[in-house]
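K.L.:
Below are the chains, spelled out letter by letter.
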Amino acid sequence: MILSQYRSHLVKFQSLIALVLLCIGIGLLSDKFFTVDNGWNVMRQISVNICISVGMTLVVLTGGIDLSVGSVLAIGGAIAAGLLKFGIEIPSGNLYIGFTLLGSILGGLAIGSLLGLFNGWTITKFKVPPFVATLAMLTIARGLTMLYTKGFPISNLGDSFAYIGTGWFIGIPVPVWISAIVVVVAIIITQKTALGRYIYAIGGNEHASKLSGINISKVKIIVYGIAGMLAAIGGIIITSRLDSAQPNAGMSYELDAIAAVVIGGTSLSGGRGTIMGTVLGALIIGVLNNGLVLLNVSPFWQQVVKGGVILLAVIIDKANSKND
Amino acid sequence: MLAAHHISKKFSGVTALDDINLELPAGNVTAIIGENGAGKSTLMKILSGVYDDYEGDVIYKGSKVRFKNPREAQNAGIAIIHQELNLIPYLSITENLFLGRELKSPIGFLDKKAMRLKAEALLQKLKLSVPADTIIADLKVGQQQVVEIAKALLYDAEVIIMDEPTSAISESEVEILYGIITDLRKENKAVVYISHKLNELFKIADNYIVLRDGRTIESGKMKGMTHDDIIHKMVGRDIDIIRNTNIAKEKNVLLKVDNLCLGKAGNTQKNILNNICFELYKGEILGIFGLMGAGRTELMEVLLGLHPDLTKATITLDKNIVRFKSAKDAIQAGMALVPEDRKKDGLILGLDIKTNISLSSIDQHASTGLIDRGAELTKAHHYIKALRIKTTSEKQTVKNLSGGNQQKVVIAKCLATKPKVLMLDEPTRGIDINAKNEIYKLISELAASGLGIIMVSSELPEILAISDRILVMAEGCMTGEFEAANATEDNLLKAAIPKTI
Numbered sequence: 001m002i003l004s005q006y007r008s009h010l011v012k013f014q015s016l017i018a019l020v021l022l023c024i025g026i027g028l029l030s031d032k033f034f035t036v037d038n039g040w041n042v043m044r045q046i047s048v049n050i051c052i053s054v055g056m057t058l059v060v061l062t063g064g065i066d067l068s069v070g071s072v073l074a075i076g077g078a079i080a081a082g083l084l085k086f087g088i089e090i091p092s093g094n095l096y097i098g099f100t101l102l103g104s105i106l107g108g109l110a111i112g113s114l115l116g117l118f119n120g121w122t123i124t125k126f127k128v129p130p131f132v133a134t135l136a137m138l139t140i141a142r143g144l145t146m147l148y149t150k151g152f153p154i155s156n157l158g159d160s161f162a163y164i165g166t167g168w169f170i171g172i173p174v175p176v177w178i179s180a181i182v183v184v185v186a187i188i189i190t191q192k193t194a195l196g197r198y199i200y201a202i203g204g205n206e207h208a209s210k211l212s213g214i215n216i217s218k219v220k221i222i223v224y225g226i227a228g229m230l231a232a233i234g235g236i237i238i239t240s241r242l243d244s245a246q247p248n249a250g251m252s253y254e255l256d257a258i259a260a261v262v263i264g265g266t267s268l269s270g271g272r273g274t275i276m277g278t279v280l281g282a283l284i285i286g287v288l289n290n291g292l293v294l295l296n297v298s299p300f301w302q303q304v305v306k307g308g309v310i311l312l313a314v315i316i317d318k319a320n321s322k323n324d
Numbered sequence: 001m002l003a004a005h006h007i008s009k010k011f012s013g014v015t016a017l018d019d020i021n022l023e024l025p026a027g028n029v030t031a032i033i034g035e036n037g038a039g040k041s042t043l044m045k046i047l048s049g050v051y052d053d054y055e056g057d058v059i060y061k062g063s064k065v066r067f068k069n070p071r072e073a074q075n076a077g078i079a080i081i082h083q084e085l086n087l088i089p090y091l092s093i094t095e096n097l098f099l100g101r102e103l104k105s106p107i108g109f110l111d112k113k114a115m116r117l118k119a120e121a122l123l124q125k126l127k128l129s130v131p132a133d134t135i136i137a138d139l140k141v142g143q144q145q146v147v148e149i150a151k152a153l154l155y156d157a158e159v160i161i162m163d164e165p166t167s168a169i170s171e172s173e174v175e176i177l178y179g180i181i182t183d184l185r186k187e188n189k190a191v192v193y194i195s196h197k198l199n200e201l202f203k204i205a206d207n208y209i210v211l212r213d214g215r216t217i218e219s220g221k222m223k224g225m226t227h228d229d230i231i232h233k234m235v236g237r238d239i240d241i242i243r244n245t246n247i248a249k250e251k252n253v254l255l256k257v258d259n260l261c262l263g264k265a266g267n268t269q270k271n272i273l274n275n276i277c278f279e280l281y282k283g284e285i286l287g288i289f290g291l292m293g294a295g296r297t298e299l300m301e302v303l304l305g306l307h308p309d310l311t312k313a314t315i316t317l318d319k320n321i322v323r324f325k326s327a328k329d330a331i332q333a334g335m336a337l338v339p340e341d342r343k344k345d346g347l348i349l350g351l352d353i354k355t356n357i358s359l360s361s362i363d364q365h366a367s368t369g370l371i372d373r374g375a376e377l378t379k380a381h382h383y384i385k386a387l388r389i390k391t392t393s394e395k396q397t398v399k400n401l402s403g404g405n406q407q408k409v410v411i412a413k414c415l416a417t418k419p420k421v422l423m424l425d426e427p428t429r430g431i432d433i434n435a436k437n438e439i440y441k442l443i444s445e446l447a448a449s450g451l452g453i454i455m456v457s458s459e460l461p462e463i464l465a466i467s468d469r470i471l472v473m474a475e476g477c478m479t480g481e482f483e484a485a486n487a488t489e490d491n492l493l494k495a496a497i498p499k500t501i
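Order-wise, the sequence lines are chains U and Z.
Residue 1 is where the first sequence starts when you use this note's numbering, and the numbers rise one by one after that.
Residue 1 is where the second sequence starts when you use this note's numbering, and the numbers rise one by one after that.
One should not assume that every hint holds.
[To be verified] With a straight-line Cα cutoff of 27 Å, these simulated DSS-like cross-link-like pairs (lysine-lysine) come out:
| # | chain 1 | residue 1 | chain 2 | residue 2 |
| --- | --- | --- | --- | --- |
| 1 | U | Lys192 | Z | Lys399 |
| 2 | Z | Lys319 | Z | Lys344 |
| 3 | U | Lys192 | Z | Lys344 |
| 4 | U | Lys125 | Z | Lys264 |
| 5 | Z | Lys399 | Z | Lys344 |
| 6 | U | Lys318 | Z | Lys256 |
| 7 | Z | Lys395 | U | Lys192 |
| 8 | Z | Lys118 | Z | Lys140 |
Just so you know, the hints here were simulated from the structure itself, not pulled from any lab data.
For reference, chain U alone in the conformation it holds in the complex (with noise of 0.2 Å):
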């Protein structure tokens, strides 16, 4: 009891280890690393991740995945873009809606969000496999950025928008405070509500769970919907931090939150992990990229590495729940 406690608490701080040691390592050897302007610079970085594998992580938790967090990102940024800069034109009933700088980003998160249900819905009515159905929506919801956007960039937003992606609050970076929220609510859906709970259970137990009485779909479905909102969050820190909502934006993100998740201890078969892992293995990820950019590594090299960190986090994860 004192013993799997002790181990659970090593487990919780490894990650944290690994991070510390990982930072005095590269400030070692780079005195670059260690300057205000960096620091900020990384935790920019990563905040667009974050955003996206706390999503992840919930969808991870009940024993799924979600691969259409990238396109749902460019999606999500493109329409509060695109609201916002042309709003809704039908030229048929000689009709156009403005939008404000919130009614946009409403907008952008609710695609986002839309998009999500409808993976948790096909994934719970018709029992697609989560694998298949998010790998389905990657493709639509990257088909339907470029549909809307016809291919091009949309730029030119405005002071205002920018400032979502550029601007600082209280000497700490929004997309900082973004990050942190979007954290801070999803540790107390995860610890302190009766959802977050049932998380956990359906990832333990799917079975069990809905033998308890846990409405299995309706679960599933919300943490989904999580999912694509966050992405959107994610997509409109970008577009807003670039001025331009790019049709091409978060290609390949979903493997980078994947990898943040599972590198924070997030077991991939579910009901194990925290949202504090997850933070932690963005942060290594943002640090290991940064680091190794500093120190002039080549971007092919970065790969490998990045690919050998995620590797070993598994193993010893691996290791760790042989133990129990």
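Given chain U, work out where chain Z should sit, using these hints.
P.N.:
For chain Z alone, coordinates are given in the frame of chain U:
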């Protein structure tokens, strides 16, 4: 041909087989008879090489053998046909027959022609008139059973063990199976036949061996035996449980089930459950007895709101007619189920006791949206104390609890929903005798507090000892109802044994 002397086998301290002796002569069909849990499967697994850590000797063709794995036993000539079919559905008959022992041409490619010829010869011998390259999934279940037999014969098996071979096949297919067995007998093979259906055994077996509680009770010739003789040998064990004394004084109907039918998905012909009718009184312990496959577990599932699309029934709970569309509905109405397989269906093994206990009732503590941790903890403490769950803390992961304590956690989870009817499916399976007595005591206490209890069990002594009334099921139908005073092991078992083959 094959003999076993003084075989004993323990599973983590629990004795499964105790000094078993048996002889399987060539050219004979030997029936192995016993209740669920008597040790039949364990014994067969030893003979077929699944377990190699047992005491005693297995003598095969006059010399001592100890098979390390099923492959070794197969190569020696002992084949087992399991209750569940072990075929790969999307491979052909030939490919399945030769799986793992494919014939190869001199340069290492598959010798498909040789395999097909051999397969065809076998199928002809077994009178299965389908092409050898038919995909298994396209065969009827009975035909698949024949393919399993062919697989056994391919290795020139001398001893063929059939475990409940007729559980999944139709009557005409059973006749074909008998034909095959008769042929095997003529070829001087030793056949072992395990079945709950006594009628079958009288038709096909030469000898019998009765197992009970892991011991050989008697063996002899089948000829001259009657149904009642065999049943009498199967049962007749005593267990010291204090007989339930708090039989409900007044009979207030709590639950009334009328004409409950459960259809089979994708099959409109045959029902899993047929016209089940019964009543449950407040404060009563209603035992439901039946052999494997009688439909007991399915009945519990239906009463918990599972399979709503396949169910037809009128259920009255506390004078209200209820319809359950999901387990959630049923639990909210006041039903609760302690499932048969607690690890698979009852618990989230990786989570702690507290979380498991509150799993079904967390809504009660989350009216504001956030979980009231204090209330949850109080509840956990209450049940840990009330049910005497042995643990150091409510934060203990349930995976690390003993079977009996795990079962108590499941019961606590059910009680936390404040049920009116508590259903327990094989509540003492796989837990030791002390824990069993604890559970019995708990069940009696709960009934005394006014709950209606339905307890499914295939253990006769158990069901006789603690039930106020006993219903017997066979093949999806109710086949008997006994007041505790009139129930005996003999008449329960008689009602439970399927009449059709």
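K.L.:
Hint by hint, say whether it matches the structure.
P.N.:
Against the structure, the hints come out as follows:
1. U:Lys192 <-> Z:Lys399: 23 Å, holds
2. Z:Lys319 <-> Z:Lys344: 33 Å, violated
3. U:Lys192 <-> Z:Lys344: 26 Å, holds
4. U:Lys125 <-> Z:Lys264: 20 Å, holds
5. Z:Lys399 <-> Z:Lys344: 12 Å, holds
6. U:Lys318 <-> Z:Lys256: The given pair, whose Cα atoms are some 50 Å apart, is violated under the 27 Å limit.
7. Z:Lys395 <-> U:Lys192: Measuring from Cα to Cα gives roughly 16 Å; hence the hint holds.
8. Z:Lys118 <-> Z:Lys140: 22 Å, holds
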